[in-house]
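Engineer: The primary structure of each chain is shown beneath.
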Amino acid sequence: MTRMIAGLLVRRALVAVPLLVLVSFLLFAALRLLPIDAAAMSLPPTATLAEVAAKRHDMGLDRPVIVQYGIWIDGVMHGRFGQSIALRRDAGTLLAGGLPTTIELAVCAMLVASTLGLGGGLLLFAARGTWAEAAGDLVATLLMSVPDFMWALLLLLVFGVLMPVLPFIGRLDPGLTRPSITGFLLIDALTTGNSAVLFSALRHMALPAVALGMAFAPPLARVLRSSLLDVYHDDYIRQARLRGIGETRILLCHALKNAIIPTLTLMGVQFGFLFGGTLLVEVIYGYPGVGNLMVDAVRNADLPVIQAVGVSYCVVVIAISMITDAAHQLIDPRQHAR
Amino acid sequence: MTFKLQRRALLAGATAIAFAPRLARAADADAVTIGWPNDVGTWDPNQRFTPDAQSIFKAVFDSPLTQNQQLKLVPHALAAWELAPDALSMKVRLRDDISFHDGVRMTTEDFKYTFLDRIKTTPGLDTANSWRKVQDIEILSPTDAIMHFSSPAPTAPQWMSFLGSYIVPKHAVEAVGAAAFAQKPLGSGPYKLVDYELNARIVLERNDAYWGPKPKIRRVTIQVIKDASARVAAVQSGQVDLTVNLPIRDTVRLQADAAFTAALLPITRVILLQVRNDLGFADQNVRLAAHHGIDKASLSKAFFNGAAVPLSVPAVSGTPGFLADFSFPYDPEQAKGLLARSGFSVEKPAKIGLATTNGQFPGDYDLARAIAQMWKKVGIEADIQVIEYAKYFELNRGGKLPEATLYSWDNATGDPEIYTGYLLNPKMPFSAWKGMEIGQKDMDLFNVANYDDRIAGYRALNREAVSFGATIPLLQTVMTIARKKGLEMEAFGQWLGVAATLSWS
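These protein sequences, in sequence, are chains A and B. For what it's worth, the numbering used here labels the leading residue of the first sequence as 25, then goes sequentially. For what it's worth, the numbering used here labels the leading residue of the second sequence as 4, then goes sequentially.
Treat the hints with care, as some may be off.
Restraint ranges, calculated between C-beta atoms of paired labels, are given here [to be verified]:
1. Glu85(B) / Thr72(A): 40 to 50 Å
2. Gly94(A) / Lys75(B): 51 to 61 Å
3. Asp260(B) / Gly99(A): 44 to 54 Å
4. Leu135(A) / Pro352(B): 53 to 63 Å
5. Ala74(A) / Ile142(B): 40 to 50 Å
6. Ser102(B) / Val34(A): 55 to 65 Å
7. Pro216(B) / Ala74(A): 44 to 54 Å
8. Ile347(A) / Glu384(B): 36 to 46 Å
9. Lys136(B) / Ser204(A): 40 to 50 Å
Subject to a maximum C-alpha distance of 20 Å in a straight line, what follows is the list of computed DMTMM-like cross-link-like pairs (lysine to aspartate or glutamate) [unchecked claim]:
10. Lys380(B) / Glu391(B)
11. Lys379(B) / Glu391(B)
12. Lys380(B) / Glu336(B)
13. Lys281(A) / Asp258(A)
14. Lys354(B) / Asp286(B)
15. Lys430(B) / Glu75(A)
16. Lys217(B) / Asp334(B)
17. Lys123(B) / Asp258(A)
18. Lys187(B) / Asp114(A)
19. Lys487(B) / Asp197(A)
20. Lys136(B) / Glu75(A)
21. Lys136(B) / Glu112(B)
22. Lys123(B) / Glu157(A)
Read the hints as simulated data drawn from the structure, not as lab findings. Bear in mind that the values here come from a model prediction, so they are computed numbers and not experimental data. Cβ atoms here follow ideal geometry from the backbone N, Cα and C, with glycine treated the same way.
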């Protein structure tokens, strides 16, 4: 089994490399087509035309796009993503600083979405054919129709201002000092045994994670409900009933194991969207992740940062896809047989 | 690992999370949390001209000069300065009691390094542009030096208190390098930086060895909150003690709340229309009609609760270039008459483009729409084009800006060179106006060394430029600020005493 999964991951990784090169080139070329003079923008407004021209030459912007891309990809291979126009720092360093924050937030949001989605799916299934199912469907539709940034503002207003029980600014209370080991605050707090930081970080993460996860829960619930309805037509469910197994056990131990596979696939796809959804939510909650970085980069037309963050999104989506495939391999017995 | 994650601990934690008391913290007399709209980006204060970062830099670094509440230059790190009559040199005397945060004394070596040596050796410093005329800095003693300029630098003293002009420690920058210094800065200001997380928070601790007035607050935490609604919520919920740049209507609402002190403070930032001298604005009648057709008082009332002062010249009251005896009236009939002379009317309007940013400063896009509506009533049809602020210079360089561009301009010094001088100099990237009838006079003023002559020249130019239709000043804008009752502060000009002047009453 382990060898099978390892083989699968290696195959996926081999496909991922050319895919990443292609995506990064398309992104690079698209950004270069924008009417933005990165050289002029990296100098103060008082710079002369001659200084701008010299800067353009230094940055290689007077060379063909394919040559520029070659220079960039060579830099990336050596850990250099280019210098941020606005922050005058290596875009890779900026990315590395924000990525753990966003991953941590996205994972927690996915946990929220999964908990609500799987729980909701089971409830909808249990209530099938009753008025509660219709009501549940309506609630799911309402939840889905509110975008994540709107959830962010609503939750902030309700739990931050009207009933101020949760903080909504940054990652920690002002008096606390963050441990800085991996960049993953929760992990660092656990590693250093700093319970004050851990609980403060959890409290600060609650609202953004729920805001992000809320819109993703209803599709999970619906897919799970639909899959359960499908598998309940299968013979093995009937046979389980004939063997006298209770309905709850049939649902949780037999039906769910098969029905969850499409839900898992959806979760993999959704994680990519959820990662992208951090942009506005991070800005609203003052969360220092790559979403926040990206919003600033777009505002300042900071091409190296946009490029670095864009590629990181692509890497995350590919990685999640690989993890989902591996999870399939583990859960789905039909995959073992192949 | 010392922390054991036990079920009881988890339960206790979950309970604490779920039933946490109201978050509003009691005011700690020794600490303040500020909600600030932007990060500094880099901690090298010479690197980027970021107006919003200057208040924070002023807490950590010392500038040679500063300004008092009347915007007059006053000594700071420099005890004295004297600009030569020809503005080709300036004698400076540094205080002898300033130490950097590591205890090393500040000397003229640091001054020279900041304003000459590092500009030559460190690429990408914005101060290289503001101090490009510095040819040499002659060190006479650890406290005395003479700056020599390659051409007259009449505004050198003003720039000593302006963007990016902070003295950095030569020994520290050379020891760790510019990149490392920008991550872990060492200043001489009233506060030390103790923690920093990009786009999240800045934690400052009082410098008890500061040479100047000691700040009353020991610890200042600046939370970066870019979303204006979140800043309002943060101050209302007590998660921050003070915040700025709130929407006008929220500021007005908080003014009525007894728990807060909220204000709309006039600052040295002006909103104006940068105009071209060609295309649809080649005709002076159309330019002047465009100016007469704007009801600035109504714009102020609609978008700034009446707090933004209508302007007739590109300078604010209390600054040397302001003309108290000159006004350019809102007169729609005169606007129609001027347009009629050029063959335009409401039925047959003059067609121009109006560029605006959307979200660069409060109400920008709405202001542009309101102006377009006002123009429509007198016979000017404006096509509104939304541009990114970052693209203004590029579009201007390529001659691609439309006839008018809604523009916001900061000038904390109040000096007319940094208002009219920059805004109407055809050779500078800020000016959309390229006509030499005004442009040449503007450029000539850059070389006038005598202060009184220079100011008189700019005052005359302000009157002429507006009467000629080379610029359309609109409003002196306001900064909105809200803080908890009991938190006292000083605010003047553009520079908020963000940390050093705060205290709890």
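Engineer: With reference to the structure, classify each hint as holding or not holding.
Structural biologist: Hints, verified against the model:
1. Distance hint for Glu85(B) and Thr72(A): a CB-CB separation of about 30 Å, inconsistent with the stated range 40 to 50 Å.
2. Gly94(A) and Lys75(B) have their C-beta atoms about 56 Å apart, which keeps the hinted 51 to 61 Å range intact.
3. Distance hint check: the CB atoms of Asp260(B) and Gly99(A) are about 53 Å apart, consistent with the given range 44 to 54 Å.
4. Separated by about 59 Å at the C-beta atoms, Leu135(A) and Pro352(B) satisfy the suggested range of 53 to 63 Å.
5. Roughly 31 Å separates the CB atoms of Ala74(A) and Ile142(B), a value that falls outside the hinted 40 to 50 Å.
6. Judged by the Cβ atoms, the range 55 to 65 Å given for Ser102(B) and Val34(A) holds: they are separated by roughly 60 Å.
7. A C-beta distance of roughly 45 Å is found between Pro216(B) and Ala74(A), which places it inside the suggested range of 44 to 54 Å.
8. Separated by about 57 Å at the C-beta atoms, Ile347(A) and Glu384(B) break the suggested range of 36 to 46 Å.
9. For the pair Lys136(B) and Ser204(A), the supplied restraint of 40 to 50 Å holds, since their beta-carbon distance comes to about 43 Å.
10. A threshold of 20 Å between alpha carbons decides the hint, and for Lys380(B) with Glu391(B) the separation of about 28 Å lies outside it, so the pair is violated.
11. Proximity of Lys379(B) to Glu391(B) is assessed by CA-CA distance (about 25 Å); at most 20 Å being required, the pair is judged violated.
12. Restraint check for Lys380(B) and Glu336(B): satisfied, since their Cα atoms lie roughly 10 Å apart, inside the 20 Å limit.
13. With a C-alpha separation of about 13 Å, the suggested pair Lys281(A) and Asp258(A) falls inside the 20 Å cut-off, and the hint holds.
14. Between Lys354(B) and Asp286(B), the direct Cα distance comes to roughly 12 Å. Compliance with the 20 Å bound is thereby established for this hinted pair.
15. Between the alpha carbons of Lys430(B) and Glu75(A) the distance comes to roughly 14 Å, so the proposed pair stays at or under 20 Å and holds.
16. Distance hint between Lys217(B) and Asp334(B) is unfulfilled; the C-alpha atoms sit about 52 Å from each other, more than 20 Å.
17. In summary, the hint linking Lys123(B) to Asp258(A) is not supported, as the alpha carbons are separated by about 78 Å, beyond the 20 Å threshold.
18. With a C-alpha separation of about 16 Å, the suggested pairing of Lys187(B) with Asp114(A) holds against the 20 Å cut-off.
19. Distance hint between Lys487(B) and Asp197(A) is fulfilled; the C-alpha atoms sit about 18 Å from each other, no more than 20 Å.
20. At most 20 Å may separate the alpha-carbon atoms for a hinted pair to count; Lys136(B) and Glu75(A) meet this at roughly 15 Å.
21. Only pairs whose Cα atoms come within 20 Å are accepted, and Lys136(B) paired with Glu112(B) is accepted, the gap being roughly 19 Å.
22. Note on Lys123(B) and Glu157(A): the hinted pairing is violated, with a Cα-Cα distance of about 72 Å set against a maximum of 20 Å.
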